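Peer 1: Okay, here's what each chain looks like letter by letter:
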Amino acid sequence: MSNATLKELSANLAAGACSSVELSHEFINKINNLNKSLGCFITVDAERTLVQARAADARRAAGSAGPLTGVPLAHKDIFCADGWLTTCGSRMLSNFVAPYDAHVVQRCNDAGMVTLGKTNMDEFAMGSSNETSYFGPVRNPWNLETVPGGSSGGSAAAVAARLAPAATGTDTGGSIRQPAALTGICGLKPTYGLVSRYGMIAFASSLDQAGPMARTAEDLGLLLNVMAGHDPRDSTSLERPAEDYNRDLARPVAGLRIGLPKEFFATGLTPDVQRAVEAAITEYKKLGATLVDISLPNMELSVPVYYVLAPAEASSNLSRFDGVRYGHRAAEYTDLMDMYKRSRAEGFGAEVKRRILIGTYVLSHGYYDAYYIHAQKLRRLIAQDFTKAFKQCDVIMGPTSPTTAFRLGEKSADPVQMYLSDIYTIAVNLAGLPGMSIPCGFDGSSLPVGLQIIGNYFDEARMLNVAHQYQLVTDWHQRTPPGVK
Amino acid sequence: MKWEIVIGLETHAQLSTVSKIFSGASTAFGAEPNTQACGVDIALPGVLPVLNTGAVERAIRFGLAVGGKINTRSIFARKNYFYPDLPKGYQISQYELPIVEGGTLTIRVGDTEKTVHLTRAHLEEDAGKSLHEDFSGSTGIDLNRAGTPLLEIVTEPDMRSAEEAVAYARALHTLVRWIDICDGNMQEGSFRCDANVSVRRMGETELGTRREIKNLNSFRFLQQAIEYEVQWQIGEIEDGRKIQQATVLFDPDTGETRMMRTKEDAHDYRYFPDPDLLPLEVTSERLDAVRSGLPVLPKERREQFVAQYDLTPYDAEQLTASRELADFFDTAASGSDARIGKLCANWISGALSARLNEEGLDIGQSRVGAGQLRRLVDRIADDTISGKMAKDVFDAIWAGEGDADQIIAAKGLRQISDSGELEKIVDQVLASNAQQVADFKAGKEKAFNSLVGQVMKASRGKANPQQVNDILRRKLAG
Chain A
1 MSNATLKELS
11 ANLAAGACSS
21 VELSHEFINK
31 INNLNKSLGC
41 FITVDAERTL
51 VQARAADARR
61 AAGSAGPLTG
71 VPLAHKDIFC
81 ADGWLTTCGS
91 RMLSNFVAPY
101 DAHVVQRCND
111 AGMVTLGKTN
121 MDEFAMGSSN
131 ETSYFGPVRN
141 PWNLETVPGG
151 SSGGSAAAVA
161 ARLAPAATGT
171 DTGGSIRQPA
181 ALTGICGLKP
191 TYGLVSRYGM
201 IAFASSLDQA
211 GPMARTAEDL
221 GLLLNVMAGH
231 DPRDSTSLER
241 PAEDYNRDLA
251 RPVAGLRIGL
261 PKEFFATGLT
271 PDVQRAVEAA
281 ITEYKKLGAT
291 LVDISLPNME
301 LSVPVYYVLA
311 PAEASSNLSR
321 FDGVRYGHRA
331 AEYTDLMDMY
341 KRSRAEGFGA
351 EVKRRILIGT
361 YVLSHGYYDA
371 YYIHAQKLRR
381 LIAQDFTKAF
391 KQCDVIMGPT
401 SPTTAFRLGE
411 KSADPVQMYL
421 SDIYTIAVNL
431 AGLPGMSIPC
441 GFDGSSLPVG
451 LQIIGNYFDE
461 ARMLNVAHQY
471 QLVTDWHQRT
481 PPGVK
Chain B
1 MKWEIVIGLE
11 THAQLSTVSK
21 IFSGASTAFG
31 AEPNTQACGV
41 DIALPGVLPV
51 LNTGAVERAI
61 RFGLAVGGKI
71 NTRSIFARKN
81 YFYPDLPKGY
91 QISQYELPIV
101 EGGTLTIRVG
111 DTEKTVHLTR
121 AHLEEDAGKS
131 LHEDFSGSTG
141 IDLNRAGTPL
151 LEIVTEPDMR
161 SAEEAVAYAR
171 ALHTLVRWID
181 ICDGNMQEGS
191 FRCDANVSVR
201 RMGETELGTR
211 REIKNLNSFR
221 FLQQAIEYEV
231 QWQIGEIEDG
241 RKIQQATVLF
251 DPDTGETRMM
261 RTKEDAHDYR
271 YFPDPDLLPL
281 EVTSERLDAV
291 RSGLPVLPKE
301 RREQFVAQYD
311 LTPYDAEQLT
321 ASRELADFFD
331 TAASGSDARI
341 GKLCANWISG
351 ALSARLNEEG
361 LDIGQSRVGA
371 GQLRRLVDRI
381 ADDTISGKMA
391 KDVFDAIWAG
401 EGDADQIIAA
411 KGLRQISDSG
421 ELEKIVDQVL
431 ASNAQQVADF
441 KAGKEKAFNS
451 LVGQVMKASR
461 GKANPQQVND
471 ILRRKLAG
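Heads up: the protein sequence lines correspond to chains A and B, in order.
According to this note's numbering, the stretch in the first sequence is residues 1 to 485, in order.
According to this note's numbering, the stretch in the second sequence is residues 1 to 478, in order.
Hints were generated in silico from the structure; no laboratory data involved.
Be aware that one or more of the hints could be misleading.
Derived BS3-like pairs: lysine-lysine, alpha-carbon spacing no greater than 30 Å straight-line [claimed, not checked]:
#: 1; chain 1: B; residue 1: K2; chain 2: B; residue 2: K114
#: 2; chain 1: A; residue 1: K353; chain 2: B; residue 2: K263
#: 3; chain 1: B; residue 1: K114; chain 2: B; residue 2: K214
#: 4; chain 1: A; residue 1: K353; chain 2: B; residue 2: K114
#: 5; chain 1: A; residue 1: K341; chain 2: B; residue 2: K129
This one's a predicted model, so the numbers in the text were calculated from it and none came from an experiment.
Turn these sequences into a full structure, and let the hints steer you where they fit.
Peer 2: And the structure:
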């Protein structure tokens with residue numbers, strides 16, 4: 001049953017083929033067996049999980065079950081969940097038990113979904129390999145010597161290893177899509193504002209967006225239906241009528257115009273990734289799609305722009321972690337300033353400190369205009385590139401990541417190399433557009449390759465349709481990592 | 001005078017919303033520490049601010065009342081610094097684009113009117129409180145005040161004396177209460193001023209270096225602090241020292257200002273637009289709606305009082321100290337002529353105000369209503385009672401003994417204005433006070449007053465004093 005999709009689990013529960021308690025036991029057992037080697041979960045709490053599972057079964061018995069009632073999932077440890085340790089992958093919050101539910105968690109709970117645990121992640125979502133977590137790295141189920149990507153590495157690896165049928169993730173510069181690609185699963189970053197950020201610990205507020213991670217496009221739509229929706233507690237949450245993101249799954253892709261940005265196929269892309277992505281595009285052509293050569297001329301600026309804006313916002317967002325009210329406080333200190341310095345020096349890891357320093361610098365008097373204001377202007381140009389491109393095409397496709405999963409420690413010493421892992425994903429966050437990654441093949445080392453699909457604003461249903469049609473004719477998404485049954 | 005004083009004020013007016021500017025927690029004063037601080041106020045991980053539209057409406061009311069420009073688009077920015085009572089590590093404020101720009105306020109010092117120009121007014125949140133006592137060496141933090149909505153109102157350096165600064169602060173204090181945006185309670189910190197003070201030699205055009213006196217929460221402290229600071233600055237310059245830009249605190253116990261920090265150790269606040277809040281848009285429809293809800297403003301009321309009741313600008317100023325007071329006067333004086341209007345004004349500014357002060361009440365709690373006061377004034381105007389008798393009647397109304405007419409009847413206080421009756425009394429007094437009559441005729445004016453007193457006594461205070469005077473003079477001259 002742990003190999004089933006959300007859709008299948010939903011059907012099984014509805015048919016009475018299994019109960020939520022049985023399902024939850026099965027996943028908890030798998031987690032207990034495999035988490036030691038994979039490091040996917042920071043917190044598992046079987047008691048809490050089973051309380052929810054029993055409630056879901058009771059709800060079903062009472063006849064008020066929804067499509068996902070009783071279906072288990074894992075939450076990235078960036079989401080506050082009432083009564084759960086919520087660490088954000090940091091020593092700073094290693095003792096923080098959230099007293100409330102994030103909007104996303106609340107929506108999943110309201111739908112009757114069952115929380116299996118809180119997944120590992122790069123500290124404060126800053127990283128592309130899950131190696132910056134205070135709780136240790138996550139290993140890629142396809143090859144335990146390689147990283148699962150990040151920052152939602154725990155969620156991605158858990159879904160790939162069948163420790164959870166689906167998981168929530170967050171994506172600030174590629175943190176859903178890149179780990180999805182590196183672990184051979186599907187991940188969707190919705191349009192900015194579609195999913196509430198309330199209760200999701202902020203990294204870079206203008207870029208952060210939560211989204212679903214699962215094994216099929218259809219499952220992404222099922223979970224997005226639960227996650228999305230207006231929340232008055234998030235001022236950037238959009239007021240839009242509810243929609244069924246799976247409503248267009250069956251639509252044929254014949255006539256679909258696929259934009260191929262030349263910048264996505266330039267230097268830096270590894271040949272194996274290029275080959276797999278081009279094969280996927282050929283598959284679409286066979287299905288009747290037309291290919292359009294496009295250009296995103298300012299895309300090369302997206303990494304430097306991102307590494308001004310995201311750290312700027314982060315430096316301010318992370319100021320609340322001062323050891324005064326909650327979180328880590330140094331055991332000894334001489335005065336207030338010393339308490340701040342020691343608590344933050346001990347509580348934050350190297351990558352987080354690096355970004356706080358960068359962010360503080362670019363906001364400082366005398367540098368603000370040259371960095372922050374300049375980056376904001378370029379951000380608008382990058383967004384305009386997409387607006388122009390979408391006049392010529394319906395979706396944009398390319399690689400999600402320039403490489404497949406790299407070895408643990410391979411890029412840790414070189415932050416710029418690490419930052420370039422997100423070269424194809426960052427521009428999407430800067431523009432606020434929806435983007436997704438689906439599996440489209442393997443490299444020579446049998447590591448998965450991800451195909452990125454970028455849609456226009458609010459075109460999630462179309463993107464899911466496009467991905468689903470591909471998954472009807474391919475089986476990359478059904479491949480299972482070795483050693484995982 | 002050799003020195004010119006230049007003052008600009010920054011005032012923090014706490015907006016009278018029920019809940020905080022970015023959260024649903026209560027703003028009520030005086031609760032147990034940290035009982036009015038929700039997740040947003042204590043800056044839990046993951047929480048987000050949501051703008052209170054009531055605070056925005058109050059800011060717009062202010063902007064319209066001072067004739068300022070309401071920006072159709074303004075921006076909330078983060079002001080970053082670390083302090084234990086600032087839970088997020090930044091304060092949400094408005095920096096480059098405030099909601100209100102410009103505007104003026106008219107002030108009066110003595111007989112002189114003056115216009116003070118406002119630079120801007122912007123919305124921001126208050127911080128919490130650090131409690132340094134009672135924690136045996138540690139500092140306690142109370143976040144009840146964190147997130148309380150403030151309107152920071154900044155003037156141009158237009159004031160030239162401590163008196164002008166106080167007059168401005170008072171006028172502003174009146175206005176914010178008048179338009180119902182702030183309760184003006186200075187003890188509770190709902191209205192507090194920072195004064196930027198500099199001095200320069202008369203005739204100089206460049207401004208001197210300023211020092212900012214922080215957190216003055218009474219008009220008296222404002223006056224004292226500026227006066228001390230001005231003398232200190234003049235002393236420094238005359239002794240050949242330069243003024244260093246600094247922030248200072250006023251100590252009410254010593255009456256002195258002392259340095260808090262200089263410009264050198266000023267923070268770099270790293271302001272940037274808050275990505276959690278959208279730009280604040282104010283539509284013309286919203287502006288019109290707020291405008292239509294604004295009361296007639298103090299300046300217009302003063303002008304109306306002067307025109308309608310012939311009051312002096314000073315009296316009009318007194319009667320517009322609050323909207324309730326102006327309404328009280330208007331109700332009392334309504335439909336009357338200038339004479340009754342003037343009498344109402346005098347009674348309100350005199351006996352009534354004294355009584356309210358004595359008992360610590362405000363006009364809304366007055367035990368003599370506007371209608372009651374008017375009926376009392378009417379009896380004075382038609383000579384039923386004298387001004388002196390009216391004081392007793394006023395006290396009786398205050399004590400709840402009824403209306404003026406009831407009290408006059410019950411106490412038999414009706415003034416004797418019947419000249420026949422009065423002449424009889426005068427004749428009796430003259431007959432039995434031969435000595436005083438003789439003294440008066442010998443040129444002792446004092447004797448006349450004694451005779452008047454005798455007549456008043458004989459009438460048990462009811463005689464119309466003016467008529468007694470007239471009759472006595474006539475009879476004594478005869």
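Peer 1: Please go over all the hints and tell whether each is borne out by the structure.
Peer 2: Comparing the hints with the structure gives:
1. B:K2 / B:K114: Distance of about 22 Å is within 30 Å: holds.
2. A:K353 / B:K263: Holds - the C-alpha atoms of B:K263 and A:K353 are around 28 Å apart, at most 30 Å.
3. B:K114 / B:K214: holds (25 Å)
4. A:K353 / B:K114: violated (54 Å)
5. A:K341 / B:K129: Within the cut-off at roughly 22 Å; holds.
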